[in-house]
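The listed protein sequences derive, respectively, from chains G and C. Per the working numbering, residue 1 is the first one in the first sequence, and the count goes up by one each step. Per the working numbering, residue 1 is the first one in the second sequence, and the count goes up by one each step.
There could be a bad hint or two in this list.
Claimed, not checked - Rough simulated footprint, nothing fancy, chain G against chain C, three-plus residues with beta-carbon under 8 Å: (1) 188-195; (2) 213-226; (3) 238-249; (4) 270-276.
Hints are computed from structural coordinates only; laboratory data are not their basis. Virtual Cβ for every residue (Gly too), placed ideally from N, Cα, C.
Chain by chain, the residues:
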Amino acid sequence: MAEPAAQAERAAGAEAPLLSVRGLARYFDASPPLLNRLLAGGGRRTLKAVDGVSFDIPRGRTLGLVGESGSGKSTVARLVVGLYPPTAGTIAFDGRDLASLRGARETAALRRRLQIIFQDPYASLNPRWRVRDVIAEPLRVHALLSGRAAIRARVDELLLQVGLAAADGDRFPHEFSGGQRQRISIARALASAPDFLVCDEPTSALDVSVQAQILNLMKALQRRLGLTYLFISHNLAVIRHMADAVGVMYLGRLAELAEARALFERPRHPYTRLLLATIPDLSLSGRPRAPVTGEVPSPINPPAGCSFHPRCPYADARCRRERPEPLAIAGGGLVACHAVAEGRLPP
Amino acid sequence: MRAAALLRVEHLRVEFPTRHATLVAVDDVSFAIGAGEVLGVVGESGAGKSVTGAAIIGLIDPPGRIAAGRIFFAGERIDDLPAERLRRIRGKRIGTIFQDPLTSLNPLYSIGRQLVETIATHSELTPRQARARAIELLAEVGIPAPAERFDHYPHHFSGGMRQRVVIALALCGNPQLIIADEPTTALDVSIQAQIIALLKKLCRDHGMAVMLITHDIGVIAETADRVAVMYAGRIAEIGPLRDIVKQPRHPYTVGLMGSIPSLSGATERLAQIDGAMPRLNEIPGGCAFHPRCAHAFARCRAERPELIADGASAAACWLYAPAATGGHG
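Please take these sequences and the hints and turn them into a complete structure.
Below is the structure:
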């Protein structure tokens, strides 16, 4: 794992990364219940949601993770903030391995700096709490401020920062639209003054004009507060807008990792090319589109070799047999593809 | 255009009475779809696009009701037909495709049985012929090995394959019009592209007209001939695809187009329309968009604009009134 890891470092930039992930894996037990297994005679089944993912995110930058359902991108998000323990691999934040933290105090001190925003602002806010209390919770949990006046002043400041009014703090989540609720989620995430935000499809539940408001807000906050983002989305245009570097995930693994501009202008992995071919053409140029075929196979039973080979027009015997590892390519970036490595892919 | 229209909606108004007030979900909407034409209806949540589609096929749940307006299909008025007559048009001559393929299919019946039942309802075919026709339809919508898949149940299929089955069901009666409400929204992007390609091919092969309801302008850009943009229960702008996407005129359409991130990555900041679409119980007077509009002037606050035609397209905006004052034209 050491070799691609070093390459990942070079691909993502020279500065010391704020977040460094190496060989990250998370398996889930997807077996049928014991009784069914005994009666039907089946064994245990393992779902490899994330299977050997490595990347770095330099301070102040945004790594976008893109992929379809079942690609493991949301599992990566949850692993990074510690909602799941990893099955294998390491997550280092600001030079500290998260698994090496000892004691509640040390853990909390680091966790404070690492926050997450979820997709569904209807499900991620407690409907019985006033917005003020939702936003103040991290302040109280981490004992960052004491005294009602100080907490109140900080909550007011956070509300203004995300484009809401201080008076909105006294209302309940159901009184707000989807976009406003996502602003509340952002305010809550910012309450503990983190330097790293994991954004798991933060605008996927929103209408496009509201999405624009939230994306603009997130970019402005990143500039003002020097935030680092892990930004997860299935929407390539949103990723293009937000990310400095992009990782393309397929069935729990990174197919390609590159600077955003390079990835969109010159996609290398056949799956990246397929994804880009699916983007509707708003310029109405009438350019011919490569036909898109096939579906993402079940992650419980992924194909042998390169998991993309059944959909890949360039697959050969080696692709069906041997799993490709991410390799650095000329011009920067990592690509896990035998055809790219062997140079048998058309440019 | 008017004479040849397959579907014509005139001054449609749909109301939902509630305890406190009567909510107007669709307010004075008029448009037409020609034979073989794809009309994209685009708008954000609550704009009234799905309710418009449901009204055409008579699927407004009481106490909601069509309060005013008329709907003509192939020259025949259909909004006041008895339920049984309308049921025979819906399904046979007007097919429907909804967002979630799992809720459109009965989980207890094999897909073959559901297809045969639908075909038998709308034709005089023998069971053997209906089965052959069902397999033919499954092949047409791109289900591999249709004869084997015939006896499978909906849960055996992936989301994309299920949506193909739903499309096959919509085709059972050889419809002249398909109303597709967010047909690709629940699907992954690579499956979405396949379903769009399939819909386009079917339109071409069968000369079907489609009313494609979606929030996704990308899907519209790939498929539609004309586009209607809805806002707060009304059509803000309607016209040929190229006009709407390339030269939108209504400030809402302009904002909507500008808010889509571009793939060139050229813009640091997206154009943004501040605020949100009003709820149905607080739609402002005058132009419903005026509180969010950078160009609003006195007339916009006082008077509701009708669609003002210019060439092939029309925008409901006082900026384009022949005698507009204070607008930039």
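Results of checking the hints against the structure:
1. Counting residues of the region 188-195 of chain C whose CB falls under 8 Å from any CB of chain G gives 7; the rule of at least 3 is met.
2. With a threshold of 8 Å between beta carbons, the proposed coverage of the region 213-226 of chain C by chain G holds, since 7 of its residues qualify and at least three are required.
3. Under a criterion of three residues with beta carbons nearer than 8 Å to beta carbons of chain G, the stated coverage of the region 238-249 of chain C is upheld, 4 such residues being counted.
4. For a cut-off of 8 Å, the count of residues in the region 270-276 of chain C with a CB near a CB of chain G stands at 6, and the three-residue condition holds.
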